[in-house]
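Engineer: What follows is the residue order along each chain.
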Amino acid sequence: MSKMPVIIFGAFLTFLFSWMGLVAYPYFQLGRFTPFVAEDTGDISPPPLSGMAVMGQRVYASSGCIYCHSQQVRQVGYGSDLERGWGARPTVARDYMRQNPAFLGTMRTGPDLSNIGARQPSIDWHHQHLYQPAVVSPGSIMPSFRYLYRLQKIEGQRSANAIDLLPPDAPPDGYEVVPTYEAEALVAYLISLNRNYPLPEAPEPPQ
Amino acid sequence: MSATTVHSSTTTPAMDKAERARIDESTRVPVLLFFGSAVFWLLAGSLFALLASFKLNAPHLLDQWGWLTFGRVRPAHLNAVAYGWASSAGIGVALWLMARLCRSPLRHSKLLICAAIFWNIGVLVGIGGILSGDSRSIEWLEFPNYASLMLFVAFGLIAVWAVIMFRFRQPGHVYVSQWYLLAAFLWFPWLYSTANILLNFEPIQGGAQGAVNWWYGHNALGLWFTPIGLAAAYYFIPKVLGRPIHSYYLSILGFWSLALFYSWNGMHHLIGGPFPAWMISASVVASMMMFIPVITTAINHHMTVRGNFGALKWSPTLRFIVFGAMCYTLASLQGILMAIPSLNKITHFTHYTVGHAHLGLYAFFTMIMFGSMYYITPRVVGWEWPSARLIRWHFWLVAIGIGVMVVALTLGGLLQGIALLDPGITFMATLDYTKPWLLLRSGSGILLTVGHIIFAISFTLLLLKVGKRRAGPTLFGTDEVRQPESIIP
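Those protein sequence lines, which keep their order, are chains A and B. Going by our numbering, 62 is the number at position 62 of the first sequence; the sequence numbering is gapless. Going by our numbering, 253 is the number at position 253 of the second sequence; the sequence numbering is gapless.
The hints are simulated quantities; they were obtained by calculation from the structure and are not laboratory data. Careful: at least some of the hints might be erroneous.
[Claimed, not checked] Just some of the chain B residues that point at chain A, by a computed CB distance under 10 Å:
hint, residue
1, P105
2, H108
3, F118
4, I204
5, S263
6, P341
None of the values given here were measured: they were computed from a predicted structure. Where is the CB? At the ideal position from N, CA and C, for every residue including glycine.
Chain A extracted, bound-state conformation:
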């Protein structure tokens, strides 16, 4: 081969081919979902995220949760995702229409979080777990996210949002640990992760 146009044109065409298939196609077919509205109840699926949850999504991204946690429940025949109770059904493309970014993930050093809000609906549990993961889940190698919390002196009454911590992280007498706005947002996002709404294209598999 001695002609530049042949090389450039060939390289252009082969790449254009995959660009059409893996970029243009998903852009039009998977990037323009509208939510499903149930005729009887008027429920919208997937439901919109609250403002706090949208903020929390950013904290999830900036903290790099995705490097250990996936958010996809695979179909039957691809691993034990359903048996592990990570979801009542496999996730489908429309489940991610309100997620930006869609944290599909590639690693499971920690469990899948597609439905963590259904498994652990307690705000207190999440705060404790983020602050002292190995105490709440023995054996966990998740790092503490205590930099998202503030240790402060109790002025008069203990703050309503102060979190209960177990030793060795419990604050000294007269002090309390309160979540920052970022921690509150992150927990709001985690609790919003609940794909137990109906989508016609994603029936629950028979038990």
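Got chain A; can you put chain B on it based on the hints?
Structural biologist: This is chain B only, laid out in the frame that chain A set:
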């Protein structure tokens, strides 16, 4: 027809040698800028890697600081080595190869100097952005927009330069290395801009993001690093041995089959995921088809070296590059296996994939970059490497280091994957299977880092022209063996 016909019959060996020296000298400033920054980012990336790895062994380590949390240090590592080290080294090698293969002194070096400055500021600001919490956690595209824009500008300058350079080439055959380089210079800006626009600047809906993300993630390896690595292997193996590439036709087949199939591989990162079955299937099939370019290239390289493996004893360049070329075959065959759904079921979401990534980007690409830099740097500086012993230490530390790392992550990942498949094993127990292997991985990381420090020392001593002037290239063993006269310009 063999690739040897590039040699113009009207010149004498002495003229060729003088011409090559003139071309090498013309590449000095841009090539050294890219190599120097590559070495810096290699060290920075190694430190991030060690810290991330230690944090998995001891989660409490430095957990009081958000900017050093695992979820930020790990992408800082990836971006430092992918864009800081591997891309900079790759660009440096590509520039030098372009000038040599166009048989023309490097023109418009100001474009490249600007590009190097933009690239480095981009990487620096990008890593700062990740550590300070501006990452959107899109794998391989973690740099915030203000940083990726700078990389794109840098890349635009380089691509423009490549086109200009190619216009001024000496007429005649275009060597196989140049096909790969030209294609990579076309593919990467396209790839990088498309993915950044659709995922970071004007994000598309979440349901489509995964496809674009892995179209990018896989092609960054397959259509950016791989072509540069193969271009270098195709140049240096025949160059050092003084014999032509085994088969011109295999080179053509290898190139076009890579171009056609590699770009479709991305969706095999999402097997079982929320995508239409045909997209996943297309990628699985394309991954199987990768057998063609991989085996073609492996045969071509092997047949070129065959009968001359003794040269690995004395040539640092060849030792690193043959190691890298063999690992290209290994990593690619492993990648093909991992795309088979029944095997992917085990390896998906485990450290096995991390091992595979290191086999590709380190054992293949990085080793080839080391080998190329051992050849190029003395020629552009006009000073030989200070010590064969340092090179030998570098080689064995990183060769053993990466071997241990890949084995540890592969075994740990397999155990983790088999355990994850069995719902009777609690999740926490699946983690226990990985812990000893992650500790071993940290150990291997220390070996690699020490190797990198030795390389950086060696590189600095060469730049400073420390020691006595050597009569010939710094080779392993004795100085008696001469490098054969070369064939490719």
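Engineer: Against this structure, judge whether each hint is valid.
Structural biologist: Hints, one by one, checked against the model:
no., hint, verdict
1, P105, "20 Å, violated"
2, H108, "18 Å, violated"
3, F118, "24 Å, violated"
4, I204, "4 Å, holds"
5, S263, "4 Å, holds"
6, P341, "7 Å, holds"
Figure legend: structure checked against the earlier numbered hints; hints not met, in rising order: 1, 2, 3.
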